Amino acid sequence: MLSNDIVRFSCRFFFCYLTALAVWFFIHSYYETFLFFFTIEVSQIIGPLHFTSPEIINGEYTYRLANGIFRLSSVESITFTILITIPLLLAASGISRVNKIKMTVLGVFFLFLFQFLFMLIVFYKEIYHNYPVYVQKGIRLDQIINYTPVKSWIFLQLNDSFNTIFKFVAALGIWMGLVSYYKRGDRQVWIRKLF
Amino acid sequence: MEKKTRAERRREKLKRVTAVPFSQKIKPFLSFSHPVTRFCLLFLGLLVVFYVLLTLDLIKNYFSTPVTSLIAYQGAFILKVLGLQVYASGITISGAGFSVKILGNCNAILETVLFLSAVMAFPATIKEKVIGGSLGTIFIYLLNLLRVVILYLIGVYAPQHFEESHIYISQSIFIFLVAVFWLCWIDKGVKEVAV
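Protein chains in written order, with our numbering: chain A, 1 to 195; chain B, 1001 to 1195.
Keep in mind the hints are simulated off the structure, nothing from the lab. It is possible that some hints are incorrect.
[Claimed, not checked] Once the Cα atoms are required to be at most 27 Å apart in a straight line, the calculated DSS-like pairs of lysine-lysine come out as: (1) B:1060 to A:183; (2) A:193 to B:1060; (3) A:100 to A:193; (4) A:193 to A:102; (5) B:1013 to A:183; (6) B:1127 to B:1188; (7) B:1129 to B:1191; (8) A:183 to A:102; (9) A:137 to A:151; (10) B:1015 to A:193; (11) B:1015 to A:183; (12) A:193 to A:183; (13) A:102 to B:1127; (14) A:183 to B:1004; (15) B:1060 to A:151; (16) B:1129 to B:1188; (17) A:102 to B:1101; (18) B:1101 to A:183; (19) A:193 to B:1013; (20) B:1060 to B:1129; (21) A:100 to A:183; (22) B:1013 to A:100; (23) B:1060 to B:1013; (24) B:1127 to B:1101; (25) A:193 to B:1127; (26) B:1004 to B:1015; (27) B:1080 to B:1127; (28) B:1015 to A:100; (29) A:193 to B:1129; (30) B:1080 to A:193.
[What the hints assert, rightly or not] To give an idea of the chain B side of the interface with chain A (calculated C-beta under 10 Å), a few residues: (31) 1042; (32) 1058; (33) 1060; (34) 1062; (35) 1066; (36) 1094; (37) 1098; (38) 1111; (39) 1167; (40) 1178.
Owing to the predicted nature of the structure, the values given are computational and were not obtained by experimental measurement. Built from N, CA and C at the ideal position, the CB exists for glycine as well.
If we strip away everything but chain A, and leave its shape as in the complex, we get:
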């Protein structure tokens, strides 16, 4: 027999998950568009590559660098982590509604930061990984980028690791961190605080 706490926690999770899923289908395109535009705008401030002209053409996110137009391949593969973290946070027991709202806001904020970082990596990986092809096509990246194969490899590895495993680590880590923090006065062992 499974522990009642885990069964109850799972039931609460699935209830919150279905609600979050229903809401997510209506708002995810707005959220993803905001994330995309935000990343492009911030890249212009922080550099070193200043991406410009974010646009949505035929449902595809496009942006410019030098005289080239680039397409963002996939943004859903990272934003869906919200669908893991928020229901997990809301399913935690022994936390008041106000604190749950605070936790959810903080969770979304931390995930947004993670997704922003990931999107920047995706932009850089796209440029560096396909650099020889783009230069051959006449895009003047050689004037603004100091290309080395090592940099290309680093961005590829960062992109792959974020896209495969670290998105899950971030989603679960934010849940564990926030629940542990909001239940810090609870005297039971850490792992039992999670459900």
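Using the hints provided, position chain B relative to the given structure of chain A.
For chain B alone, kept in the frame of chain A given last:
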């Protein structure tokens, strides 16, 4: 007994919270001897080691690709039993008007690595870890096989919902079930939970 006003209670709470500086509060967590810190660092360390191993060509050729092919063949077998005319070729399942290639994210190796890192990093006896790791690996493998079959059925009968089901739903539920299995292992499989 004198009844305190809300403002007084808030002032007292603030006094209590600010009495201990933040640096003092987090000091225990900065030490490697703190069980939660040790768990988190070990978990991340193991994850990085496993991830680096999985990027090696040797592992890809002799482990990841054969495992993915096995999932494709077993998935195709289950779909045949369910009455669909499908066949597997390498890592692809085709037939019944739909074709799907099982790529890196869908062979559940990364989720298994995530689970094994969490089991290995958690303070438990070797025997408990071996049992938890073995059962968890089998559970994740079977769960992934089920996911592949369900997604293929969605691809055949409701292809318009395939992308959403694949990206948003299957990944989030999958990682939640992996996390729950880990919590169940701690709840039932670890005798003395110290963290």
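Against the structure, the hints:
1. B:1060 to A:183: violated, 42 Å
2. A:193 to B:1060: violated, 38 Å
3. A:100 to A:193: holds, 14 Å
4. A:193 to A:102: With Cα atoms ~18 Å apart, residue 193 of chain A and residue 102 of chain A stay inside 27 Å; holds.
5. B:1013 to A:183: holds, 16 Å
6. B:1127 to B:1188: Given pair residue 1127 of chain B, residue 1188 of chain B holds - Cα atoms ~14 Å apart, limit 27 Å.
7. B:1129 to B:1191: holds, 11 Å
8. A:183 to A:102: Given that 27 Å is the threshold and the Cα spacing comes to 13 Å, the pair holds.
9. A:137 to A:151: holds, 21 Å
10. B:1015 to A:193: holds, 26 Å
11. B:1015 to A:183: Since the Cα atoms of residue 1015 of chain B and residue 183 of chain A sit roughly 19 Å apart, the hinted pair holds (cutoff 27 Å).
12. A:193 to A:183: OK: residue 193 of chain A and residue 183 of chain A at ~7 Å, within 27 Å.
13. A:102 to B:1127: Judged against 27 Å, a Cα distance of about 40 Å means the pair is violated.
14. A:183 to B:1004: Holds: residue 183 of chain A and residue 1004 of chain B sit about 25 Å apart, inside 27 Å.
15. B:1060 to A:151: holds, 23 Å
16. B:1129 to B:1188: The given pair, whose Cα atoms are some 12 Å apart, holds under the 27 Å limit.
17. A:102 to B:1101: It is violated: about 41 Å lies between the C-alpha atoms, which goes past 27 Å.
18. B:1101 to A:183: violated, 44 Å
19. A:193 to B:1013: holds, 23 Å
20. B:1060 to B:1129: holds, 26 Å
21. A:100 to A:183: At roughly 11 Å apart (the allowed maximum being 27 Å), residue 183 of chain A and residue 100 of chain A satisfy the hint.
22. B:1013 to A:100: holds, 20 Å
23. B:1060 to B:1013: violated, 56 Å
24. B:1127 to B:1101: Since the Cα atoms of residue 1127 of chain B and residue 1101 of chain B sit roughly 37 Å apart, the hinted pair is violated (cutoff 27 Å).
25. A:193 to B:1127: This hinted pair holds, its Cα atoms lying about 25 Å apart.
26. B:1004 to B:1015: holds, 15 Å
27. B:1080 to B:1127: violated, 39 Å
28. B:1015 to A:100: OK: residue 1015 of chain B and residue 100 of chain A at ~24 Å, within 27 Å.
29. A:193 to B:1129: holds, 21 Å
30. B:1080 to A:193: violated, 45 Å
31. 1042: violated, 13 Å
32. 1058: violated, 17 Å
33. 1060: Not OK, violated: residue 1060 of chain B not within 10 Å of chain A, min 12 Å.
34. 1062: violated, 20 Å
35. 1066: violated, 19 Å
36. 1094: violated, 23 Å
37. 1098: violated, 20 Å
38. 1111: With Cβ-Cβ at 7 Å, under 10 Å, it holds.
39. 1167: This hint holds: residue 1167 of chain B lies near chain A, its Cβ roughly 5 Å from the closest one there, short of 10 Å.
40. 1178: holds, 9 Å
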